[in-house]
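Work from the hints to combine the two standalone chains into their complex.
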Amino acid sequence: MKKRTVWGKWWYKFSRNPLSVVGLCMVCAIVFVALFAPWVAPYPEHAGPYVNYGEANQPPSLPHPFGTDAFGRDILSRVFFAFRSSLLMGMVVLAIVVPVGVTLGLVAGYFKESWLDILIMRITDIFLSVPPLILALAITSVLKPNLTNAMIAVSVMWWPWYTRLVYGMATSLRNEYFVQSAELLGASKFHILFREILPNCVSTILTKMTLDMGWVILIGAALSFVGLGEQPPKPALGTMVSDGARYLPEYWWMAVFPGLAIMLIVLGFNLLGDGIGDLFSLEEA
Amino acid sequence: MSIPLLEVQDLHKFFFTTRGVVKAVQGVSFTLSAQETLGLVGESGSGKSTVAYTVMGMYSPTGGKILFRGQDISVSHERRPLSLKKELQIVFQDPGSSLNPRRSIGDILALPLSIHGKNNPGTMKERIEELLQMVELPPEYVSKYPRSLGGGEKQMVAIARALAVEPSLVVLDEPTSALDVSVQAKIINMLVEIQKKRGLGYLFITHDLSLMRNIAHRVAIMYLGRIMELAPSRVFFEKPLHPYTRMLISSIPVVSEQEEKLKPQKIIPRGEIPSPVNLPSGCVFHPRCIEREELCSQKEPEMIEAEPGHWVKCHLIRT
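Those sequence lines, one after another, are chains A and B. The first sequence runs 2 to 286 under the working numbering. The second sequence runs 2 to 320 under the working numbering.
Bear in mind the hints are in silico, worked out from the structure with no lab data behind them. Please note that the accuracy of each hint is not assured.
Below, in silico cross-link-like pairs of lysine-lysine (DSS-like), each with a Cα-Cα straight-line distance of 27 Å or less [stated by the list, open to error]:
hint: 1; chain 1: B; residue 1: Lys126; chain 2: B; residue 2: Lys145
hint: 2; chain 1: A; residue 1: Lys113; chain 2: B; residue 2: Lys24
hint: 3; chain 1: B; residue 1: Lys87; chain 2: B; residue 2: Lys66
hint: 4; chain 1: A; residue 1: Lys190; chain 2: B; residue 2: Lys126
hint: 5; chain 1: B; residue 1: Lys187; chain 2: B; residue 2: Lys126
hint: 6; chain 1: A; residue 1: Lys14; chain 2: B; residue 2: Lys197
hint: 7; chain 1: B; residue 1: Lys198; chain 2: B; residue 2: Lys187
hint: 8; chain 1: A; residue 1: Lys235; chain 2: A; residue 2: Lys145
hint: 9; chain 1: B; residue 1: Lys126; chain 2: B; residue 2: Lys198
hint: 10; chain 1: B; residue 1: Lys300; chain 2: A; residue 2: Lys190
hint: 11; chain 1: B; residue 1: Lys87; chain 2: A; residue 2: Lys190
hint: 12; chain 1: B; residue 1: Lys198; chain 2: B; residue 2: Lys24
hint: 13; chain 1: B; residue 1: Lys240; chain 2: B; residue 2: Lys300
hint: 14; chain 1: B; residue 1: Lys145; chain 2: B; residue 2: Lys187
hint: 15; chain 1: B; residue 1: Lys145; chain 2: A; residue 2: Lys10
hint: 16; chain 1: B; residue 1: Lys197; chain 2: B; residue 2: Lys87
hint: 17; chain 1: B; residue 1: Lys66; chain 2: B; residue 2: Lys300
hint: 18; chain 1: B; residue 1: Lys240; chain 2: B; residue 2: Lys87
So that you can see chain B by itself, here it is in the shape it has in the complex (with noise of 0.2 Å):
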């Protein structure tokens, strides 16, 4: 097997806060490769969002690795080289505060392209105008500014400053929850096109499981800074082991009867996600889990693969 665009070892990230260790990644591990999407989905306090952050350098790894084409990346972005950061670029969830309210859309857009060697004024123009075009904004927008874009349009312009410097990897980070729903898709629809032409490799982190259907083709779920399943994105949706994952697909809410039989059996949730500073023994599921066992509270399970590429970490499923 050739070596994956990104690989993440058993990364742990704690915060050590006044109250306490927060313990928000603890020993996740997955790959991801060249025009993949691999989905990330929690729900808050999942620590899906700060996996991500410690991918793309604005946390440090408290142990673990991130490997970026087999190369050793686990340090903050302060440290990675120019090249680097040219490869990885991220799309942030608020569109309203990820572009500066002081600044043109232009010289957003600019900015990417001078810092990373394409500062040809000449071309610059037109480079802009290329960026603006891939993401059907209309070449006026230049001189616009963002208070003056809605929120989509402004998130379109986010997705091109990301693309500007022609990265291989890109973390979007909840890209589409702030947006209108009509909005949303016309987002997505855009990305999977983008993705298709570039080849790009997406890490996108959500927690609306329902999208990550259509554009993820695998799926990892996170519950408490661990991956609880992780399969490819049809097996994850018809054959889903975890008893967590089982509860959240049960309760994507449905329209028609159709759908609703495509679910597997209905699992009335309970509780909520505990915090991570006071974490459960055992499975950390175990407290909100209908099929627990003894076991479940004394011991953690390990990630096994219970059918080629699918994993899953629960003490009831064994291979």
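Extracted from the complex, chain A is given alone in its bound form (with noise of 0.2 Å):
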């Protein structure tokens, strides 16, 4: 048999999957886009407060391939730098919410039926009870409305998922024997919960952090969308459909095509998530 890299083995097992090609593709470009906004855009000053009424709700054509809006702002170029806030916004939320859900799942899970696994469980329920977005929704509208504050509302409502991810791996890994035998050996509680229990759950964990991307993102553009995100003049996906659907249907564009655009990003990283996803479970196989 050929004898493969580390890398090239995972490509291959990656890569037997065409749609996690694809979904990886998706996110490669989107984050190149936006990564590289100001010089990849045709009209990068149309992303912030630019004005030509001249120009005003021109329908796709060369020049503008996506249409302009009604301040005659070029459509692709607002949407190439509102990819940054999308993905700024799913970075920042799950540096979050990835550390915190999952110590806390830890802790519970490896102290099982104790106080803290009873107090951490059931304050996670509380979290999981409420309506995802009805609460980012509360939280935006009582702190001022913009990106930072988007971020938090968004990052206090998802943490409970990766304790609750978290939690059910740590009960039952803190019951092999490896962990056993670390306890036995007087290792101290940081090394069995880090170094023993933690690594076992990388795969998971990272599987669900890429399919949370896209949702995340979501999320993000239903706060945008009633004008809880990013505030203009600064383009968002979701603030830029919403102000597109008033003029529906007759200017389409300018609904339409940021929409597909939240939909490429949710897409491309439910894509790669599933192909990660795969990865993993091949490689325990």
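Below, the structure written as structure tokens:
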């Protein structure tokens, strides 16, 4: 058999499902245009407070592939810049939510049936019982509506999913002989939680994180749709859809293209997440 | 007599479940000296693993005492000092789950060394290689992960991890029952070698009686949470007293006629071990005993010393 490098082997497993590769390409393309938006976007200045009524409400054409909005701004350029805040939101939310949720889940799962377990899991249940969007809406409407507060709001409602996920794994892993061995050797709780149990949860957490990138971005778009995200004139996908919706159906491109952009980003991360999930499940087999 | 390495006195362990109280261990007593292997034999459900786990502190006893070098250690492992954990180690039955699949062999073996104060990074690598050498594994295994090892090799690593802290007592919980016979022999020989070199005490839990014949110095047989008979290995196999022991020894499968002659008269086993939730009255073995008397179903027999060092719990045996 031909010897493959570790990466080669991973790529082989990953690429067996063509949809995973499609997902990866979509995510890479989105990240690329977001990162290099000032150079890639045809009209970078349209991402700001730019007004040109002479060019307003133009349908899709060669200079404006996605058309222009009511202020005469190029929608394609604005979509590229809107990707930035969407991705930023996804990354920041996950960066907050994953460490917090995972740590709580590990602690509650490892100390199952102790007061810590009861305390953490009941609080988790309370958060999970509130419809997520409602909670985020409530938080953002109390705070000042802007991107930072939207990220805080989504983080507050998102951590319990990770706590739940890791809790389930930790409660079964703590009974494994390797955890018992570490305990009997006198390893610290920190070692047992983060060096023995956590490494066995990483693949599941990573898969969920990739899938969640899409969902967090979708929630972020929903918040900006109702005006509780990134504030104008800065572009946000949700805001663009809601603004464009007022001009439906004549100026359909104003809402449809940002809407498609949201779909693309969510779909991309979902396909990629499925691929990563396959990768790990095949690795275990 | 000097203080034994391990002394278990009238150990009780009950589990309180929704379906009733499981009396897993009731009144187990034995001692174990350094350099000695005590085989704790029993069918599944006999409570042999519960005894082992209670000695290790994975359960705290419901009653009775566990003494290590005369010091009372009848508490759960969380309340045992690090210096005590160093002395008592365990090798589990399933080598598959006793090694963390996400940690390399080197990491796994480094853990006991770093906890117990041998974390001089210069010597760490050498110490790990020494451990691998002790269990006859090549030094390249340091960077391997458990999934690329065979079952026997994994168990070797588990043994090396347990011995890394230089314990004086090792509990072996059916260390070879999940392995092929060829690998089994290798591991048993290695364990015996190490015992000779280091003067370890082994509490060997198994359901395999014939294995005990070769390596145990003394054998105790358990049935429904009690020790029924405890004797030096030779006496145990040549002159078993308890009807249960005789039944078990006579049912060891053998190949040759000569071996068959060595065994006590064939006793066909009847029935199976009852549930420890609902124990029989009197002697717990009486429903399966072919020699039972009136008294057996009414009163539980006392443990008596039939001859020096040979203990048995049966109404039919009188001194």
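Evaluated hints:
1. A distance of roughly 15 Å separates the Cα atoms of B:Lys126 and B:Lys145; the hinted pair therefore holds under the 27 Å criterion.
2. Restraint check for A:Lys113 and B:Lys24: satisfied, since their Cα atoms lie roughly 24 Å apart, inside the 27 Å limit.
3. A C-alpha spacing of about 20 Å is found between B:Lys87 and B:Lys66, which places the hinted pair at or below 27 Å, so the restraint holds.
4. Of the pairs offered as hints, the one joining A:Lys190 and B:Lys126 holds, with about 25 Å between alpha carbons and a cut-off of 27 Å not exceeded.
5. About 26 Å separates the Cα atoms of B:Lys187 and B:Lys126, which keeps this hinted pair within 27 Å; it holds.
6. Proximity of A:Lys14 to B:Lys197 is assessed by CA-CA distance (about 49 Å); at most 27 Å being required, the pair is judged violated.
7. In summary, the hint linking B:Lys198 to B:Lys187 is supported, as the alpha carbons are separated by about 17 Å, within the 27 Å threshold.
8. Restraint check: the Cα-Cα separation between A:Lys235 and A:Lys145 comes to about 16 Å, which is no more than 27 Å; the hinted pair holds.
9. This hinted pair checks out: B:Lys126 and B:Lys198 have alpha carbons roughly 23 Å apart, not beyond 27 Å.
10. The suggested pairing of B:Lys300 with A:Lys190 is violated, with an alpha-carbon distance near 48 Å, which exceeds 27 Å.
11. Between the alpha carbons of B:Lys87 and A:Lys190 the distance comes to roughly 17 Å, so the proposed pair stays at or under 27 Å and holds.
12. For the given pair, B:Lys198 sits about 38 Å from B:Lys24 by alpha-carbon distance, which is inconsistent with the 27 Å threshold.
13. With a CA separation close to 25 Å, the supplied pair B:Lys240 and B:Lys300 stays within the 27 Å bound.
14. Taken as a hint, the B:Lys145 and B:Lys187 pair is honoured in the structure, with Cα atoms around 21 Å apart against an allowance of 27 Å.
15. For the given pair, B:Lys145 sits about 17 Å from A:Lys10 by alpha-carbon distance, which is consistent with the 27 Å threshold.
16. Between the alpha carbons of B:Lys197 and B:Lys87 the distance comes to roughly 20 Å, so the proposed pair stays at or under 27 Å and holds.
17. With a CA separation close to 25 Å, the supplied pair B:Lys66 and B:Lys300 stays within the 27 Å bound.
18. Proposed proximity of B:Lys240 and B:Lys87 is contradicted: the alpha carbons are some 38 Å apart, above 27 Å.
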